[in-house]
Amino acid sequence: MTDHDKKRPVTEDTEEKGRALGEEEDDSRSTPGKDLAASAVIAGFALFVMVLALRMSSPGSVFTAPGLLPFLTGLSLLIMAIGLGIRSVGRGGVRDLFSRQGKEVRKNFAETENLRTLLLIGIIILYVIVTNQIAFDLRFPTGFFAFHFSSYELLSIISLTLILRIFWGKTVLRCFLVSVCWTLALASIFRYGFHILLPGLG
Amino acid sequence: MIWDQILASLSPYMLLICLTGVTLGILWGAMPGLSTTMAMVLLIGLSAGMKQYVALMFMLGVYTGSVFGGAISAVLINIPGTPDAVPTMIEGHPLAQRGEGGLALGTAIAASFMGNWVGIVLLIAFIPIVLKLALQFRSWEMFLLAMWGIAISGTMTSGELPLKGWISGWIGLMVAFVGLDAIHGVPRYTFGSLLLEDGISYVPILIGLFGLTEILRVLPQKSPYAIPTKVGRVVPPFRSLVRYSRAALRSGLIGTLIGAIPGAGANVASFLSYDVGKRRAKPEERAKWGKGSYEAIVCAEVANNANIGGSILPTLTLGIPGNAPAAAILACLELKNVVVGPAIQIEHPDLIYFIYFALIIANFLMYGMAIALVKPSVKLFSLPRSLLMPLIIPLCVIGAFAVNLNFFDVYVMLGAGLIGYILDRYGFPLAPLVLAVILGPLADENLRRALLVFEGKSIWFVLSRPIGTALILVVLFTFYDGIFRRRTTA
Numbered sequence: 001m002t003d004h005d006k007k008r009p010v011t012e013d014t015e016e017k018g019r020a021l022g023e024e025e026d027d028s029r030s031t032p033g034k035d036l037a038a039s040a041v042i043a044g045f046a047l048f049v050m051v052l053a054l055r056m057s058s059p060g061s062v063f064t065a066p067g068l069l070p071f072l073t074g075l076s077l078l079i080m081a082i083g084l085g086i087r088s089v090g091r092g093g094v095r096d097l098f099s100r101q102g103k104e105v106r107k108n109f110a111e112t113e114n115l116r117t118l119l120l121i122g123i124i125i126l127y128v129i130v131t132n133q134i135a136f137d138l139r140f141p142t143g144f145f146a147f148h149f150s151s152y153e154l155l156s157i158i159s160l161t162l163i164l165r166i167f168w169g170k171t172v173l174r175c176f177l178v179s180v181c182w183t184l185a186l187a188s189i190f191r192y193g194f195h196i197l198l199p200g201l202g
Numbered sequence: 001m002i003w004d005q006i007l008a009s010l011s012p013y014m015l016l017i018c019l020t021g022v023t024l025g026i027l028w029g030a031m032p033g034l035s036t037t038m039a040m041v042l043l044i045g046l047s048a049g050m051k052q053y054v055a056l057m058f059m060l061g062v063y064t065g066s067v068f069g070g071a072i073s074a075v076l077i078n079i080p081g082t083p084d085a086v087p088t089m090i091e092g093h094p095l096a097q098r099g100e101g102g103l104a105l106g107t108a109i110a111a112s113f114m115g116n117w118v119g120i121v122l123l124i125a126f127i128p129i130v131l132k133l134a135l136q137f138r139s140w141e142m143f144l145l146a147m148w149g150i151a152i153s154g155t156m157t158s159g160e161l162p163l164k165g166w167i168s169g170w171i172g173l174m175v176a177f178v179g180l181d182a183i184h185g186v187p188r189y190t191f192g193s194l195l196l197e198d199g200i201s202y203v204p205i206l207i208g209l210f211g212l213t214e215i216l217r218v219l220p221q222k223s224p225y226a227i228p229t230k231v232g233r234v235v236p237p238f239r240s241l242v243r244y245s246r247a248a249l250r251s252g253l254i255g256t257l258i259g260a261i262p263g264a265g266a267n268v269a270s271f272l273s274y275d276v277g278k279r280r281a282k283p284e285e286r287a288k289w290g291k292g293s294y295e296a297i298v299c300a301e302v303a304n305n306a307n308i309g310g311s312i313l314p315t316l317t318l319g320i321p322g323n324a325p326a327a328a329i330l331a332c333l334e335l336k337n338v339v340v341g342p343a344i345q346i347e348h349p350d351l352i353y354f355i356y357f358a359l360i361i362a363n364f365l366m367y368g369m370a371i372a373l374v375k376p377s378v379k380l381f382s383l384p385r386s387l388l389m390p391l392i393i394p395l396c397v398i399g400a401f402a403v404n405l406n407f408f409d410v411y412v413m414l415g416a417g418l419i420g421y422i423l424d425r426y427g428f429p430l431a432p433l434v435l436a437v438i439l440g441p442l443a444d445e446n447l448r449r450a451l452l453v454f455e456g457k458s459i460w461f462v463l464s465r466p467i468g469t470a471l472i473l474v475v476l477f478t479f480y481d482g483i484f485r486r487r488t489t490a
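Same order as they appear, the protein sequences are chains B and R. This note's numbering puts the first sequence at residues 1 to 202. This note's numbering puts the second sequence at residues 1 to 490.
Worth flagging that the hints you see were computed from the coordinates, not collected in a lab. Since the model is a prediction, treat every value here as computed from it, not as a measurement. Here a beta-carbon is modelled for each residue, glycine too, at the ideal position from N, C-alpha and C. Watch out, some of these pointers could steer you wrong.
Here are a few chain R residues that face chain B, going by a calculated C-beta distance under 7 Å [claimed, not checked]:
#, residue
1, Lys51
2, Trp166
3, Val178
4, Asp181
5, Ile183
6, Phe191
7, Ser386
8, Pro390
9, Phe407
10, Phe408
11, Gly415
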């Protein structure tokens, strides 16, 4: 741990106030149990990658083999995962994983914040999938340009209204109006301002 | 050539673009939870529709503005707008509570202005030196440099456990290997999908990791905050800055140096500078740290702004982004078919001069706009995150789609966002992953070329290359430092 890390104020106070810590997060939220679970998944992934690298065809010598660096990377990732696993076992990871972690997982799912996160993930996945499936582009000619209204705008307005209603908590009408204004402004900047096509047929 | 670039960057249109970028950046940075990186990556899609210099001017404006913007909410509402503003929050908010918020923000503005200057001057001074050195690099050295970039990024971003940063970087390398191999055209990890044969673009990954992941993390939280009513007069106190000039210069050097280290962002710079500043402060000044010290604000703000110039240095000279916002600038340049790296001065000599002047102009505009925008920013704080964050979701979708006009990239963005969220919850930093996706192809191709050159040669032949050997030692030291030194100090 470097000196500046030592001074980094990862206190309960900044954990709450300083959520923007973001980009280069520390590992203060991990537990030995979590680390052990992560190391097992990463080790499995590394093995999978190594097997696939070995099965890649190699037209030239071993030095130019397409699977060379992937294999070496997989091998070193496996070593790192084992290292993380050993460290977490030494810190009570097994006990943590099968007792506290189990309770924590159940508690996590029961927490409102986690339920809200799952709900948000579900809506975003649905939004993306449906945006790729439905494609239309309506054009309304005006005096000097053709106003477009595509599936992207429609689906964005619906999804945004739903998300705003859940997380912002204002009336449906207010959420809908914000969604319409924002989506149309955004689409206009990209479509008319920078001539960039939008997803769907937009 | 230089005058052409001065005139180009001083045209009214360019000034307007820069002003827009700086204004957006300050307002964005001031909003709690909206980071500089998020602003930059979301703008990549928009920059696809702009001309090269216009896009660059806009993005550099946003970069300069948003790094300062974080200080506004840090001082006034005790929530850092950007991660690097945490030290400013610790020192600035107690001052604001004593009714000195305006002076604290004025100090932050002046320090940011000074920090940008240090970064720009050092960028201009060191580009020729680094370029001269970079031209000596062959395949072996480029491979080692790429691997060192990923390793040091892992070390710098993962707090007390560098192993997690390295794992994150190595996962990024795996993502970079997907697609047709550049030497033989053999498909790797494509599972028969034609869409994967072109490889995975790092732009949607950037948007997913720094846009969608942030939304998933911040939006479900309930964290109301008090909105300040009084700010006071915002006066940048240049006179008192003279008092802290030594601290400012030292912080500028720290910020620029940290910026030049791949993956180490402005928050590392501001924390390190804050820590060093505290150790070097006079006893009577040190007693004020943590309770509202102007010198501490100077240390933090000079460092995080000097970081901008520092991060541009390896991006332009080596093609290795100094941090995540610099990776967004790299993406913006790649969209314009500009290949950065050791040959940039030969292939795009005008570009470097343009970037110098764009940064200088952005700095002047940041200074003016920062003073003008402090009070309007306070009104922005009344907008809840639960309103602002959802609005970014459609922007993430357009941003990912606009780069290649391919919906597959939107799925990549979605996948990256979800994986980023899981990695974040398990304490893995995200910056090394992005850096590895960018540097993976460079490392792969150069290693294999180097191995062909080394085929049949002895180990002494490999070690006879001084730069390569020095880089091997640096890479080994990075791992040693991460494993042993941190373990002993933990």
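Hint-by-hint comparison with the structure:
This hint is violated: Lys51 of chain R has a C-beta 11 Å from the nearest C-beta of chain B, more than the 7 Å allowed. Residue-level restraint check for Trp166 of chain R holds (minimum Cβ-Cβ distance to chain B is 6 Å; threshold 7 Å). A hinted interface residue such as Val178 of chain R counts as satisfied when its beta carbon comes closer than 7 Å to some beta carbon of chain B; here the least separation is about 10 Å, so the hint is violated. For Asp181 of chain R, the suggested interface contact is upheld, since its CB lies about 4 Å from the closest CB of chain B, less than 7 Å.
Look at Ile183 of chain R: its Cβ gets to within about 6 Å of chain B, closer than 7 Å, so that hint holds up. A least Cβ separation of about 9 Å between Phe191 of chain R and chain B goes past the 7 Å threshold, and the interface hint is therefore violated. Taking 7 Å as the C-beta contact cut-off toward chain B, the hint placing Ser386 of chain R at the interface holds, the least distance being around 4 Å. This hint holds: Pro390 of chain R has a C-beta 4 Å from the nearest C-beta of chain B, less than the 7 Å allowed.
Because the closest C-beta pair between Phe407 of chain R and chain B is about 5 Å apart, less than 7 Å, the hint holds. Hint status for Phe408 of chain R relative to chain B: violated, with the closest Cβ pair at about 9 Å, above 7 Å. Hint on Gly415 of chain R is violated. Least Cβ distance to chain B is approximately 10 Å, over the 7 Å limit.
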